[in-house]
Amino acid sequence: MSFFKRLKESISQKTEAVTNIFKEGLTKTRTAFVEKVEELITRRKKIDEAFYEELEEILIGADVGVNTVMTLIDELRVEVKKRKIEDAAELQPVLSEKLVGLLKSDEQSGLRMADSGMTVILFVGVNGVGKTTTIGKLAHKFKSEGKSVLLAAGDTFRAGAIEQLEVWGQRVGVDVIKQESGADPAAVMYDAVNAAKNRGVDVLLCDTAGRLQNKSNLMDELNKIFRVLQREVPSAPHEVLLVLDATTGQNALSQAKLFGEKSGVTGLVLTKLDGTAKGGIVIAIRNELNLPVKLVGLGEKMNDLQEFDSDQFVHALFAGLIQKAEESEAPLEG
Amino acid sequence: MAFEGLASRLQNVFGKLRGKGKVSEEDVNEAMREVRLALLEADVNFKVVKDFIAKVKDRAIGQEVMKSFTPGMVVVDIVNKELTELMGGTNSKLAKANKPPTVILMAGLQGAGKTTSSGKLAKLLLKEKHRPLLIAGDIYRPAAIKQLQVLGEQIGVPVFTLGDQTSPVEIARAGLQHAKDNNHDYVIIDTAGRLHIDEALMEELHQIHSITKPDEVLLVIDAMTGQEAVNVAQSFHSQLELTGVVLTKLDGDTRGGAALSVKAVTGCPIKFAATGEKIEPLEPFYPDRMASRILGMGDMLSLIEKAQSSIDAEKAAEMERKMRTAEFTFEDFLEQMEQVRKLGPLDQLFDMLPGMGKMKDMKNVKVDEKQIGRVEAIVKSMTKEEKQKPEIMNHSRRKRIATGSGTTVADVNRLIKQFDDMRKMMKQFSSMMGPKGPKGGLKGLKGMMGKKFPF
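Chains as they are written, first to last, in UniProt numbering: chain A, 1 to 334; chain B, 1 to 455.
Keep in mind that the hints were calculated from the coordinates and are not lab data. C-beta atoms are modelled at their ideal positions from N, C-alpha and C, and glycine is treated no differently. There may be inaccurate statements among the hints.
Unchecked claim - Sample of chain B residues with no beta-carbon within 12 Å of chain A, all distances over it, derived:
| no. | residue |
| --- | --- |
| 1 | K16 |
| 2 | V74 |
| 3 | K129 |
| 4 | Q149 |
| 5 | E204 |
| 6 | L250 |
| 7 | Q418 |
Said to hold, decoys possible - Cut-off 25 Å, straight-line C-alpha distance, at most; resulting in silico cross-link-like pairs (DSS-like, lysine-lysine):
| no. | chain 1 | residue 1 | chain 2 | residue 2 |
| --- | --- | --- | --- | --- |
| 8 | B | K123 | A | K294 |
| 9 | B | K50 | A | K215 |
| 10 | B | K50 | A | K28 |
To be verified - Okay, the calculated bits of chain B under chain A, using three or more residues with CB under 8 Å as the criterion:
| no. | stretch |
| --- | --- |
| 11 | 136-144 |
| 12 | 160-171 |
| 13 | 222-236 |
Construct all of the structure, not just a fragment, from the sequences and the given hints.
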């Protein structure tokens, strides 16, 4: 069975609603990226330097990342020589397979929940990526799964941040543990963990203030929060999620690296993916960092935060290609 | 760090070029390939990169370079100049209405930093003795109004709001009227973050625009934005006729290539740069400095300005005299260290120095603030006499100092050795600078850096 067929089968087992959210959220990336590649291949019949250069530009233009693109192009060159491909059209399946290979991984990347008792999830990231909003949406998700949720207002720095989380708490119908603005965030976490323990909640979601990854004092503060959580609940935090804005360029790699070092990031949340044509950063992150993407924000609505599913992602991006591959395969198998 | 590898590669190429007496077309091409990668890695839009490289190549291979005695330098210079030019050349000022109030509309994606930038802009205007009014037009994000109100209170600028149940268009209209009635000469309208593809919200922004007729429409862009920055800017520009851009979060380790592209594509100058979430006045944006930063050449100018604003000029002059005459003692050393620390976290300062990326890579030097504390402890454990005459420190004195500062004799020895080396170096510099010496200590610093880190 071909790769695309397998993919299609695995997709068909999943609910259509989720498939649609992925498809819609990735519309922009699909048109800007995949369709450009297709256009290039039909326009340029021959594979020459100019062809590679244009391909390079399309990929870089989608924020795939210089290093990843260079490797990819080098691999393509080798492949082209080996298989003696001259026609651009013949390159298409090779290219799609390589791209899909970069995106695809076998591990399923759901959120790690505590084996028993309370699950603690810590959210970190630079300013303005959507940490608080993500927490609000995730709280909604857990709540609708019938879990009890508590929020910790750890952003005591930015004006209005606590209020913002409180509004989310009201919308979703969960409590928020807070202190006044300017308080030590680690102290807020301490309160929150104890309150969560007393109430016996299932999930504690911890917000933190946005910070740039090169500010070492702020990163140390994060480390303190981490230690407090760990001391109060030995297995916590069960997940440390780095929230990344999908419109971020190559700096995303630096963010993932430095936050990873300082706060033990276990996974990524990519927000605002629907607003960018540059979902390519997902490829760069997958390729250059050893961190799974766990959640993706595909829209403004409460349930547009989805668990990242590489099958769905690949399918949504390459839907057009997959259909074509099937058409060309059908007579062979039939 | 992600970028430093490339920055140092680029510097190598430039270094090679610099040393050459003659630059062939091939040399230029090789250098341009690296420049291209550096720009792409810095998130400069790929179309902009393409045009840029073509332009530089054209100039570099032409007469200008061939006639020069130091062709390599000329190529570097061309790249730097063209980059600066791409970003608008000189710093552009905020518009002013003929008849007050001057209306400034802030727009941008979610999380770009509109509200914070609005606060900072108000603070800047306040500093320039204006009477700004902030209008809270973000009724969508929870607590956005509250955020602006808190900021307004902190800096002492009134905030106009009608709550989150009134339409932003109405809020803007009423706010403007309020400003006119109360003699405010600047009005800053904060708006909700929106995707440039969200038609309904863009229409709303359009309405605010036509009702308030702003003199400035500032697009707030996160400096970390990738290739998408250009689309965002273009889209906002076509719908709102932007007059300028505010680039935020520049204190991160991003190279901010987006900045370059935005100006190149929309023609809108970047008017301000914002750093940090503390409410400091917005800083004017300097294209030439940004060019150095994108090329990984450091930002000496900003560093020098920073130094000038926080270092006591008299003390600096005195220090400089001492350095020249090699009278420099441990006491001065301690004082100087304190001065430097006033400038901010050391690793941030290092990032501004040219060639520092390379150094860090090579020696894996990690700036450890604790280490500095230790050095301070050692110096403070010395007697007055020892500080002034380091040469009298024999073994038993050193042992005492080590115990006193909680370090080892080896630590003390190392510090004294380093101090001696430093004094020797200073002597050399002062003889190089000639009898008159440099005009100011800082200029001397610049010269020194130039010597030590050729790139």
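Cross-check of the supplied hints:
1. For K16/B, the non-interface assignment is confirmed: its Cβ lies about 21 Å from the closest Cβ of chain A, beyond the 12 Å cut-off.
2. Every CB of chain A is more than 12 Å from the CB of V74/B (nearest about 27 Å), matching its label as outside the interface.
3. The beta carbon of K129/B sits about 25 Å from the closest Cβ of chain A, which is more than 12 Å, so the claim that it is off the interface holds.
4. Once the 12 Å rule is applied to beta carbons, Q149/B is inconsistent with being away from chain A; the minimum gap is 8 Å.
5. Annotated as non-interface, E204/B keeps its C-beta farther than 12 Å from every C-beta of chain A; the closest such distance is 15 Å.
6. Distance check on L250/B: its Cβ comes as close as 10 Å (rounded) to a Cβ of chain A, failing to clear the 12 Å threshold; non-interface status is violated.
7. The claim that Q418/B lies off the interface holds: its Cβ sits roughly 24 Å from the closest Cβ of chain A, which is beyond the 12 Å cut-off.
8. Restraint check: the Cα-Cα separation between K123/B and K294/A comes to about 40 Å, which exceeds 25 Å; the hinted pair is violated.
9. The hinted pair formed by K50/B and K215/A fails the criterion: a straight-line CA distance of about 34 Å is larger than 25 Å.
10. A hinted pair counts as satisfied when its Cα atoms are at most 25 Å apart, and K50/B with K28/A qualifies at roughly 24 Å.
11. Beta-carbon proximity to chain A at under 8 Å applies to 4 residues in the stretch 136-144 of chain B; the threshold of 3 is reached and the given coverage holds.
12. With a threshold of 8 Å between beta carbons, the proposed coverage of the stretch 160-171 of chain B by chain A is violated, since 0 of its residues qualify and at least three are required.
13. Restraint check on the stretch 222-236 of chain B versus chain A: 9 residues with Cβ-Cβ distances below 8 Å, three needed, restraint holds.
Comparing the model with each earlier hint shows violations of hints 4, 6, 8, 9 and 12; every other hint is respected.
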